[in-house]
Amino acid sequence: MRGGFAPIKAMVSHTLNSVSGRWVGESNLPVLIRRGALGENSPSADLCVTALHAVYVDGFLMPVGELVNGTSIILEGVNGRDTLDFFNIELDSHDILDVQGAFCESLYSAATERCAPLLRFTGGRSQLKSRLRSVASLVVDRRQPIDIIRDKVEERGLGFARAA
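Per the numbering used here, the sequence shown runs over residues 185 to 348.
Among the clues, some could well be false.
What the hints assert, rightly or not - Calculated cross-link-like contacts (lysine to aspartate or glutamate; reagent style EDC-like; alpha-carbon spacing at most 16 Å): (1) K193 <-> D279; (2) K336 <-> D242; (3) K336 <-> E224; (4) K313 <-> D325.
The set of hints was computed from the structure by calculation and includes no laboratory data. Since this is a predicted model, take the numbers as computed values, not measurements.
Construct the complete structure from the given sequences, taking the supplied hints into account.
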């Protein structure tokens, strides 16, 4: 969040393998963020990241897996691939990178301090409460930042569904 340029400390890669048409290691599945899903030209082209990788939206980091909506942000299928390679950029400190117009986190290590607050759901109950706050916001808006971000991304996703 310093802005400008930062020296790259390391490039770290990992490969996700598929077996019998399914990704192995399903705790961190690939997620496709369609062009414009996070905002106008954000990203500027379709972008594939892992579900645990966080994007920076409205001052917060949020794992992209929490934003899957089935239209503009979707789980990426195997589609005949045997592998999918991912690359992370490690900087001296955790920071935000402009990746095709989308703001994504650099490689995070538990030994470093996050560059922004991380928002995530803690299970089905927290997701249900979030949905209830969003519905109730028509009368009294008590949504939390995580609800507002999800609602905005889902609203953009509805535009994708209508266009299809």
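Structure-based check of each hint:
no., hint, in the structure
1, K193 <-> D279, "12 Å, holds"
2, K336 <-> D242, "10 Å, holds"
3, K336 <-> E224, "12 Å, holds"
4, K313 <-> D325, "13 Å, holds"
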